[in-house]
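S.K.: Numbering (the working numbering), first residue to last: 12 to 84.
If you're looking for bench data, these hints aren't it; they were derived computationally from the structure.
These figures come from a predicted structure and were not determined experimentally.
One or more hints might be untrue.
If you anchor each label on the Cβ, the simulated ranges turn out as follows [stated by the list, open to error]: (1) V46 x A77: 43 to 53 Å; (2) T52 x A77: 14 to 24 Å; (3) R64 x H22: 25 to 35 Å; (4) R69 x M12: 32 to 42 Å; (5) H76 x F56: 22 to 32 Å; (6) I20 x E59: 21 to 31 Å.
Note that CB positions come from ideal geometry on N, CA and C, so glycine has one too.
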Amino acid sequence: MIKTITFAITHFTVAFTVAYLLTGSIGISSTLALVEPAVNTVAYFFHEKLWQRFDAKRAIRSSLHALHAHGHH
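Model the full structure from these sequences, guided by the hints.
M.R.: Pasting the structure below:
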């Protein structure tokens with residue numbers, strides 16, 4: 012749990028610093044540093060769903076290829 016907390020603090024600090032260097036605004040930087048991880052979490056969820064579909068299709072293709080290869084021997 013400590014590692015997760017320190018990573019969250021690091022993530023916030025990096026996001027805030029980059030936003031502040033680009034905008035010079037503490038308000039915008041703070042908002043971005045708080046909103047970005049939430050948006051990233053949603054993006055990660057959908058990325059995982061798409062990746063699972065990709066893996067499932069790849070597994071099916073691999074199985075079909077193996078069946079086809081064994082059928083010709």
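S.K.: Does each hint hold? Answer for all of them.
M.R.: Against the structure, the hints come out as follows:
1. The supplied range of 43 to 53 Å is met by V46 and A77, whose beta-carbon atoms lie about 46 Å from each other.
2. Evaluation of the 14 to 24 Å hint for T52 and A77 yields a failure: the beta carbon distance comes to about 37 Å.
3. Range check, R64 to H22: Cβ separation about 28 Å, and the 25 to 35 Å hint holds.
4. For the pair R69 and M12, the beta carbons lie near 34 Å from each other, so the given range of 32 to 42 Å is met.
5. The given range of 22 to 32 Å is respected by H76 and F56, whose C-beta atoms sit roughly 31 Å from each other.
6. Taken as a hint, the range 21 to 31 Å holds for the pair I20 and E59, whose Cβ atoms sit roughly 24 Å apart.
The earlier numbered hint that this structure contradicts is number 2, and it is the only one.
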